[in-house]
Amino acid sequence: MAIAAMDINIRKLSKYLTFRLGSEEYGLEIMKVREIIGVMEITRVPRMPEFVRGVINLRGKVIPVVDLRLKFGMAAREDTVETCIIVVDLGDLIMGVVVDNVSEVMDIPEDSIEETPSFGVRINTEFILGIGKAKGKVIILLDIHKALTADELSILSENSYNIRK
Amino acid sequence: MTDDTVAIYASEIIDELEMLLELSAGLLEQMDGSDTHTLSVVGDLMGKIGLLTAESGESAAMAETAEAAVAGVLDGTKQFAAGATIINDSIKWFEKQLERARAVAEQQQGDIRSPQDSDDITKGGAAVRSGERELGKSGRARNRSENTIPGAAIDVNNPELRDFVSESREYLHAAEMALLELEKTPGKIECVDEIFRGFHNIKGIAGFLGLHDVQAVAHEAESFMDRVRCGEFRLKGSAALAAFSALDFLKDMVDRVDKAISGAEYGTPAGYVELIDWLKSPETTGGAPAGRPINPKDGALINKDEKSFIEASVQPPTAPKESKTNGAKADGMVKVSTTRLDNLIDAVGELVIANAMVTQEPEICRTKNPRLSRNVSQLGKITRELQELAMSMRMVSLRQTFQKLTRVVRDLSVKCGVPVEMTYEGEETELDRNVVEEISSPLVHMVRNSVDHGIESREERIARGKPEKGRIHMSASHESGSVVIRITDDGRGLDRDAILAKAVSLKLVSPDALLTDREVYNLIFHAGFSTAKEVTDVSGRGVGMDVVRKSIDALRGRVDIDSEYAAGTTFTISLPLTLAIIDGMVVTVAEEQYIIPTISIVESVRPAAGQINTVVSKGEMLTVRGESMPLFRLCEMFNVRGAKTDARDALAVIVGSNGSRCAILVDDLIGQQQVVIKSLGKTFDRLDGVSGGAIMGDGRVAIILDATGLARLAKSN
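Note that the protein sequences, when read in sequence, are chains A and B. FYI, in the working numbering the residues of the first sequence are 1 to 165. FYI, in the working numbering the residues of the second sequence are 1 to 717.
Hints are computed from structural coordinates only; laboratory data are not their basis. Incorrect hints may appear among the rest.
Computed cross-link-like contacts, DSS-like style, restricted to lysine-lysine with a CA-CA straight-line distance of at most 27 Å [stated by the list, open to error]:
id: 1; chain 1: B; residue 1: 404; chain 2: B; residue 2: 184
id: 2; chain 1: B; residue 1: 188; chain 2: B; residue 2: 507
id: 3; chain 1: A; residue 1: 32; chain 2: B; residue 2: 682
id: 4; chain 1: A; residue 1: 15; chain 2: A; residue 2: 137
id: 5; chain 1: A; residue 1: 61; chain 2: B; residue 2: 381
id: 6; chain 1: A; residue 1: 61; chain 2: B; residue 2: 404
id: 7; chain 1: B; residue 1: 236; chain 2: B; residue 2: 507
id: 8; chain 1: B; residue 1: 381; chain 2: B; residue 2: 251
id: 9; chain 1: B; residue 1: 507; chain 2: B; residue 2: 715
id: 10; chain 1: A; residue 1: 146; chain 2: B; residue 2: 682
id: 11; chain 1: A; residue 1: 32; chain 2: A; residue 2: 135
id: 12; chain 1: B; residue 1: 682; chain 2: A; residue 2: 71
id: 13; chain 1: B; residue 1: 236; chain 2: B; residue 2: 381
id: 14; chain 1: A; residue 1: 61; chain 2: A; residue 2: 71
id: 15; chain 1: A; residue 1: 15; chain 2: A; residue 2: 71
Quick list of the computed label-pair ranges, beta carbon to beta carbon [claimed, not checked]:
id: 16; chain 1: A; residue 1: 124; chain 2: B; residue 2: 512; range: 45 to 55 Å
id: 17; chain 1: A; residue 1: 35; chain 2: B; residue 2: 603; range: 21 to 31 Å
id: 18; chain 1: A; residue 1: 104; chain 2: B; residue 2: 363; range: 50 to 60 Å
id: 19; chain 1: A; residue 1: 115; chain 2: B; residue 2: 364; range: 54 to 64 Å
id: 20; chain 1: B; residue 1: 368; chain 2: A; residue 2: 104; range: 38 to 48 Å
id: 21; chain 1: A; residue 1: 145; chain 2: B; residue 2: 649; range: 43 to 53 Å
id: 22; chain 1: A; residue 1: 124; chain 2: B; residue 2: 373; range: 25 to 35 Å
id: 23; chain 1: B; residue 1: 363; chain 2: A; residue 2: 20; range: 31 to 41 Å
Just so you know, even glycine gets a beta-carbon here, dropped at the ideal spot from N, CA and C.
Produce the entire structure from the sequences given, and follow the hints as far as they go.
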């Protein structure tokens, strides 16, 4: 029994939830995903950077929601019926991420993952785990923790505090 | 030895005696080195044996010798080895007696002669004791340096330790109150008994749990109180100080045990040996050990000079008004873990939200089904009841806080050499337990300020025609949904000019600014502010009042100051009744909804044309009934598009306390409702002006604004 459970977990390690932002396909470790919900009304929190869309009520718990497009510097886009919020568990923080649409859960074994090429100093690729290839598609695998690190966000709010001073 | 030995060692007791002796012997065998815990258990067993064999004078004496030997080892006057030997011998003697008694019981005859060695042992015991007496003072001096601090075995996993901490605190609190009362009326024997009982009980549990240093202090304190009870000396002057010191020391020890349970290292506090000696002979030791603060936490030095010992009197609380809490005395009490309680309250909070979501669903509101309507209504009623019950479970009265403040005032009064009397009323007023905890520090600080800076010296007061004793009065009451706590003193009052001068020098205000009295007084809440000429270690460092203000803000409360020069000062604190549920006004700015806690709102006004003026064509000002204040537009502060531009169409919400009011302009007010506060999480917790989120009836999250933060934000932009 225990071995079977362990086996499932190990198999889960190579599973990724894939989603789209514009024309690009991304992947998130399935272990970090708590749930996926359709886009709902997001309450704006004032004085936060654009990519912080605000907060939502997730069954009684208030969680922050980030627009991944804006976080990655892409152009903003109106929410459509396909837009989803992926609720991720960052360990000490639960956060929602707005994406254009969610594709599927894919199994991408390690040997199908290549190292991220370097684009020079202008582009920071620390938050990319690697480039996966599956079913003929190129999937950019994200280290969601680094991509959304709360530290960054609180540094931002600290900055706004400092600017005021 | 006579026949009575045969009589008492009758068959009924033989078995029990045998068992006790076996137990004692066994324990002694297993005991190693300096295991005072086991020794004291054996001592108790010898006591039982003594009772059992009490009719035989010799047996009783033997048991007593053994018990005394144990006591001697425990309080350090006897060497462990010597004590153990005496006990061993006693046990052997009893065993011999037992043998003979058995033989007699079987034969119903025979001559029971007391074994020769019984006299030797008793003589031996007596010799050791008299030898000690002969040592006299020099011996005591020698013993003082030999006094080792008995260890305490803290078994972190022992659940009884937690009980010990909470029970001891209760006993110590009761003892403290009795001690204060006794200081005022030295004859009151019930007070002496109460204090005695407190020490006695703590001694018992501490001993049982192996906390020998605590036990030793409690033992000395108990003996001390016993001497007071017997009239050996009165509880005044140095003696009273000794009692207070013992109390504080025990408090400290209990705190350390508490911390040890959570993993900290346990150590006997400094001053242990001195305290023990002092309690043993308060009159000879002549007061507190020089220069050593007995009360490590307060840092209050005990004043050696008895002449300047000034009593602060405690006025017994006025007759409690009819309140719900009176009934509580008749109920039993249950101990519940605070985690469980918090979980329960969270769950009730969720229920309130879920209920609101159901009742506000349009389909439910519009239903024509009478049964559904009735059931929903019933559901709402039960939810509200549950909510009130859950909230009340976290409520705690201010009584202990006020009583603690009484002690603080007394100590300060002694230390500063200023006679002060503290009275209070409304102590039965209840608040959420978190709030009571958090408000304790600010109150202590304000009271310290009063005694240290507010109340004048005796001479000054007499010169001013005031009563000799300074008076500080605290009151608490429920007023329109909040709790209001007032601290009034009849001292010097605030010096407006000095404060203004200091503020100007700190560049808080410009020299030619026109400020009302209230605005000036409120300046003392700024960081780094203190007009005290010297910084005493009681207060005056200037870090106090701004922390006070911050603490009260954090509790979503307000603090106001009113003062009259040479007459006195009053602080008024108002606090919300619960932390998790607040009363809020729902306002809109364009499409966004915000909640402003009702307690922060002074008033809201639809500005008329003449009430708004621009200043240097940048700032806006609102004038209401002659008072002018800055006006800030929320849409600008929060970057919201589509808000109303004409202020006369909009709503100005006036927030802030006396002296620093400002007006926030919103579009409209759509209602008032109670909301459950939800934390927004650490992502947003440094955001000025936002204190949390609330889940509204339609399930959406609304941002709860923090008025003070908003004002701060607005002014810095």
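Each hint, compared with the structure:
1. Distance check on the hinted pair: residue 404 of chain B and residue 184 of chain B sit about 17 Å apart at the alpha-carbon level, within 27 Å; holds.
2. Among the hinted pairs, residue 188 of chain B with residue 507 of chain B is inconsistent with the structure: their alpha-carbon atoms are about 56 Å apart, more than 27 Å.
3. The hinted pair formed by residue 32 of chain A and residue 682 of chain B meets the criterion: a straight-line CA distance of about 19 Å does not exceed 27 Å.
4. Proximity of residue 15 of chain A to residue 137 of chain A is assessed by CA-CA distance (about 15 Å); at most 27 Å being required, the pair is judged to hold.
5. Of the pairs offered as hints, the one joining residue 61 of chain A and residue 381 of chain B holds, with about 24 Å between alpha carbons and a cut-off of 27 Å not exceeded.
6. For the suggested pair residue 61 of chain A and residue 404 of chain B, the alpha carbons sit about 39 Å apart, so the restraint of at most 27 Å is broken.
7. With a C-alpha separation of about 50 Å, the suggested pair residue 236 of chain B and residue 507 of chain B falls outside the 27 Å cut-off, and the hint is violated.
8. Under the criterion of a C-alpha separation no larger than 27 Å, the hint pairing residue 381 of chain B with residue 251 of chain B is inconsistent with the structure, at around 46 Å.
9. A hinted pair counts as satisfied when its Cα atoms are at most 27 Å apart, and residue 507 of chain B with residue 715 of chain B qualifies at roughly 16 Å.
10. Our distance criterion of 27 Å between C-alpha atoms is met by residue 146 of chain A and residue 682 of chain B, whose separation comes to about 17 Å.
11. About 23 Å separates the Cα atoms of residue 32 of chain A and residue 135 of chain A, which keeps this hinted pair within 27 Å; it holds.
12. Our distance criterion of 27 Å between C-alpha atoms is met by residue 682 of chain B and residue 71 of chain A, whose separation comes to about 19 Å.
13. Restraint check for residue 236 of chain B and residue 381 of chain B: the C-alpha separation of about 58 Å exceeds 27 Å, so the hint is violated.
14. Proximity of residue 61 of chain A to residue 71 of chain A is assessed by CA-CA distance (about 23 Å); at most 27 Å being required, the pair is judged to hold.
15. The straight-line distance between the Cα atoms of residue 15 of chain A and residue 71 of chain A is roughly 24 Å, inside the 27 Å bound, and the hint therefore holds.
16. Evaluation of the 45 to 55 Å hint for residue 124 of chain A and residue 512 of chain B yields a pass: the beta carbon distance comes to about 53 Å.
17. Our hint of 21 to 31 Å for residue 35 of chain A and residue 603 of chain B is violated, since their Cβ atoms are close to 45 Å apart.
18. Separation of residue 104 of chain A from residue 363 of chain B is about 36 Å and departs from the stated range, judged on CB atoms against 50 to 60 Å.
19. Distance hint check for residue 115 of chain A and residue 364 of chain B: the Cβ-Cβ separation is about 57 Å, which falls inside the suggested range of 54 to 64 Å.
20. Range check, residue 368 of chain B to residue 104 of chain A: about 46 Å between beta-carbon atoms, so the 38 to 48 Å window is met.
21. Taking the beta carbon of each, residue 145 of chain A and residue 649 of chain B are about 48 Å apart, inside 43 to 53 Å as hinted.
22. Between residue 124 of chain A and residue 373 of chain B the CB atoms are about 59 Å apart, so this pair departs from the stated range of 25 to 35 Å.
23. For residue 363 of chain B paired with residue 20 of chain A, a C-beta distance near 36 Å keeps the hint of 31 to 41 Å intact.
Figure legend: structure checked against the earlier numbered hints; hints not met, in rising order: 2, 6, 7, 8, 13, 17, 18, 22.
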